[in-house]
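J.: Heads up: the protein sequence lines correspond to chains A, B and C, in order.
Heads up: the first sequence is residues 1 to 124, going by the UniProt record's numbering.
Heads up: the second sequence is residues 1 to 371, going by the UniProt record's numbering.
Heads up: the third sequence is residues 1 to 300, going by the UniProt record's numbering.
Think about it this way: if two alpha-carbon atoms lie no more than 20 Å apart in a straight line, the pair counts; the simulated EDC-like pairs of lysine to aspartate or glutamate are: (1) Lys10(A) - Glu21(A); (2) Lys175(B) - Glu285(B); (3) Lys125(C) - Glu37(B); (4) Lys301(B) - Glu39(A); (5) Lys20(A) - Asp52(A); (6) Lys125(C) - Glu12(B); (7) Lys282(C) - Glu199(B); (8) Lys2(C) - Glu92(C); (9) Lys113(A) - Glu54(B); (10) Lys264(B) - Asp254(B); (11) Lys264(B) - Glu199(B); (12) Lys55(B) - Glu39(A); (13) Lys238(B) - Asp52(A); (14) Lys113(A) - Glu58(B); (15) Lys238(B) - Glu48(A); (16) Lys125(C) - Asp33(B); (17) Lys55(B) - Glu35(A); (18) Lys238(B) - Asp275(B); (19) Lys3(A) - Asp52(A); (20) Lys264(B) - Glu190(B); (21) Lys264(B) - Asp197(B); (22) Lys282(C) - Glu142(C); (23) Lys264(B) - Glu206(B); (24) Lys176(B) - Asp275(B); (25) Lys10(A) - Asp60(A); (26) Lys301(B) - Glu35(A); (27) Lys238(B) - Asp51(A); (28) Lys176(B) - Asp282(B); (29) Lys20(A) - Asp9(A).
If you're looking for bench data, these hints aren't it; they were derived computationally from the structure.
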Amino acid sequence: MIKQSVSVDKLIETARHCLKEGFVYPVLHTAVDYETHLELIYILRNLEQGDDRILSVILDANAPSVPSLTPWIPGLIFQEREVYDLFGVSYDHHPHLTRLLLPDKFRGHPLRKHYTLAEGEVTS
Amino acid sequence: MTPNREEIVQEELMLNLGPQHPSTHGVFRMVLDLQGETIVGVTPYMGYLHRGFEKLAERRTAIQYQPYPDRWDYLAAMFDEMAYIGAGEALLGIQAPRRAQVLRGIVMELNRFASHLLWLGTFLLDVGALSPFLYTFREREMVLDLLMELTGARLTYAYMRFGGVHHDAEDVWLKKVRAGIPYFRQRLSEYRTLIDDNEIFRRRVEHIGIIDGTHALHYGLSGPMLRASGVPWDLRWKRPYGIYAEIPPRIITDLAGDTYARYKVRVEEMAVSLDLLEIFLDLVESGPIMASVPKVVKFPKQETYFAVEGPRGELGVYLVGNGTAYAQRMKIRPPSLFNLQVLSQLLIGHMVSDAVAILGSIDIVLGEVDR
Amino acid sequence: MKALLVALVVGMAIPAVAAFLLWYERRLLARLQVRHGPNRVGPQGLWQSLADIIKLLSKADTMPHTAHPWLFRLAPVMAFLPVFMAFASLPELDPHMNIGILYLSAILSLEVLAILAAGIGSHSKYALLGGLRATAQMVSYEVPLTLALLGPAMAAGSLNLATIVSHQHPLPYILTQPLGALSLFIAGMAEAHRPPFDLTEAESELVAGYHVEYSGVRFALFVVSEYAQLLFLAWLMAVVYLGGGPIWSLGLKILGTVSVVIWLRATLPRIRADQLMALGWKVLIPLTSLNLLWLVAWNL
Chain A
1 MIKQSVSVDK
11 LIETARHCLK
21 EGFVYPVLHT
31 AVDYETHLEL
41 IYILRNLEQG
51 DDRILSVILD
61 ANAPSVPSLT
71 PWIPGLIFQE
81 REVYDLFGVS
91 YDHHPHLTRL
101 LLPDKFRGHP
111 LRKHYTLAEG
121 EVTS
Chain B
1 MTPNREEIVQ
11 EELMLNLGPQ
21 HPSTHGVFRM
31 VLDLQGETIV
41 GVTPYMGYLH
51 RGFEKLAERR
61 TAIQYQPYPD
71 RWDYLAAMFD
81 EMAYIGAGEA
91 LLGIQAPRRA
101 QVLRGIVMEL
111 NRFASHLLWL
121 GTFLLDVGAL
131 SPFLYTFRER
141 EMVLDLLMEL
151 TGARLTYAYM
161 RFGGVHHDAE
171 DVWLKKVRAG
181 IPYFRQRLSE
191 YRTLIDDNEI
201 FRRRVEHIGI
211 IDGTHALHYG
221 LSGPMLRASG
231 VPWDLRWKRP
241 YGIYAEIPPR
251 IITDLAGDTY
261 ARYKVRVEEM
271 AVSLDLLEIF
281 LDLVESGPIM
291 ASVPKVVKFP
301 KQETYFAVEG
311 PRGELGVYLV
321 GNGTAYAQRM
331 KIRPPSLFNL
341 QVLSQLLIGH
351 MVSDAVAILG
361 SIDIVLGEVD
371 R
Chain C
1 MKALLVALVV
11 GMAIPAVAAF
21 LLWYERRLLA
31 RLQVRHGPNR
41 VGPQGLWQSL
51 ADIIKLLSKA
61 DTMPHTAHPW
71 LFRLAPVMAF
81 LPVFMAFASL
91 PELDPHMNIG
101 ILYLSAILSL
111 EVLAILAAGI
121 GSHSKYALLG
131 GLRATAQMVS
141 YEVPLTLALL
151 GPAMAAGSLN
161 LATIVSHQHP
171 LPYILTQPLG
181 ALSLFIAGMA
191 EAHRPPFDLT
201 EAESELVAGY
211 HVEYSGVRFA
221 LFVVSEYAQL
231 LFLAWLMAVV
241 YLGGGPIWSL
251 GLKILGTVSV
261 VIWLRATLPR
271 IRADQLMALG
281 WKVLIPLTSL
291 NLLWLVAWNL
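Taking the hints into account, I'd like the entire structure generated from these sequences.
T.: Right, here's the structure in full:
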């Protein structure tokens, strides 16, 4: 599995390039919180070759925002909503960016490292 | 005095299904917008069973987390375990000994059979046939009894460990499994005789909820949902893991892509599971069931993605280690969540009675959707 | 005076037999499903229906406050009465009713009003939908039901059910008019909302059936009228197509018919609303018409 680093501005271009090469199957999309930064992971698969490709986007931990890939990879609608819900990453042009798992009125993004159960959203 | 056409007002009716269903899919809610009998809009709501499994993985050591995966998709617990253990073993560089791999294969196929039995019963219940539910559960009880004898539990086994499995199978148990297979085969053929060509059943499920292969690919569908639309992708043979690398492929596909196709694929998969069980039983050799594993298990600073073919599709774990015993991040790739993405497309244009049948044919378990 | 007494006795006997049928269905269905069914309450669980009815009768009387005051209250009674009145046409209870078939056809069609009343009176979207569907179902299947009854009437030359029975020597009409028998059986099941035609009640998985808002006595009335209707249709089938006969033979025929109905419930999935309508209009009506044509041709 090759992991390819992509910058935010080149994300759409790279994704479309992958699609052209046959990597149309969305396996997974998530975020990893490293406290200093967030890393977004996209795994795309080419079923003919049976190959996976990983795209990694590094984001600023304070204001994480990327363009949504759903216009080209519809299988990411729920995954992007999930990352928004649990990490607070905002996706531009996502058709329906609302929380997926937590109640709509919930405040805070629990999968961030600075979030603890004791106080809800902790600003530390 | 008859009113003019413009004066007859048609309103959309909003119908709320769930979160508690009589059809046993779990706590899932969907709001249907109806125009008369026809569905014109679907809004799914999930999260009622969110238990924070991914956050928990960051707060428990690798070993402490072992009982948790069983509870993601509680109907296919062995697959949850395999996904987690497989990811961990990939990071730790451990390979389980052969006997353990064969035993893992056996319990996974038994689990798949049990999961499909439950699905079959509830699917038919959704369509209105009351009795098959009881028959399939009778068989399921037998499978669960087998698993209980081996692992001590009926649903949440905590059977697999990094490096192998926890309990060895006695010859008596292996004989029981082997003896059960012809019985299950006979029952399966009974079900097919009763159900496959039943006129009313076919009219209820044929030509509804159709999705074509390309569409299915772009939405990340997997498992029977994908194969019933003609895409021959099954991780057991396309990305073999464990003992499956030695087995000749048996990938079941159907070209119709409708609810009936998904039914046929799953039933055929049950037959394949029984065949695989026989093959695995022949492969059992004596030997250790655990490899040597360090006393303190720490995930190295690497990441990996490990996926298995569960009854619902591709169940994967993306594991990121940070040098400690705790995971930096553990992401679960739930097949049911991806399969749900096409729900509105499958339902729109159909009638309310079809909605339940189509939802049943997707075979979702909220435990893994919500985590 | 004697007639009044008979009516009273019959009126009290029918709920008892309906209760017995309730027990019978639960036991038979259970056995077909690898279960036991009620077998604790009384010998072989025979008092189970009584226990259930006592429970229902002792419940609080509830009514949604937006419900239509008298439609809601009247509906269970409207469901109960026509079924009971229909029994008057049966030859074992009154051998002299010369308009037998006409009477029972007319009376049974009143059943539809009860369902409409329940659906509308409950003031619930879901009850209304269920009620409308049930109405469409019952109205559609009345035509094949009546046509299926017409065959034996023509063959016997009378609408009197007693005459129809006496004309079934040596062969019961099920053998000489099989299509008609089949149609009566199917149409009867549809009229009685029996599975596989039970989408209005099982729709309560999705949309609640027309009697969702009912509990206690009112609900008990619906249940009793449902089983009484089943009893009536089985009896009708036994009389019109199976040849009636002495009480023991008639009883066996009725039980046999009911058993087949229960067997179908255990076996078949539910039929969808539009498929149900198609079956009634496009299959059963041609079948019953064919039956009549066959009868005419045979007699020529």
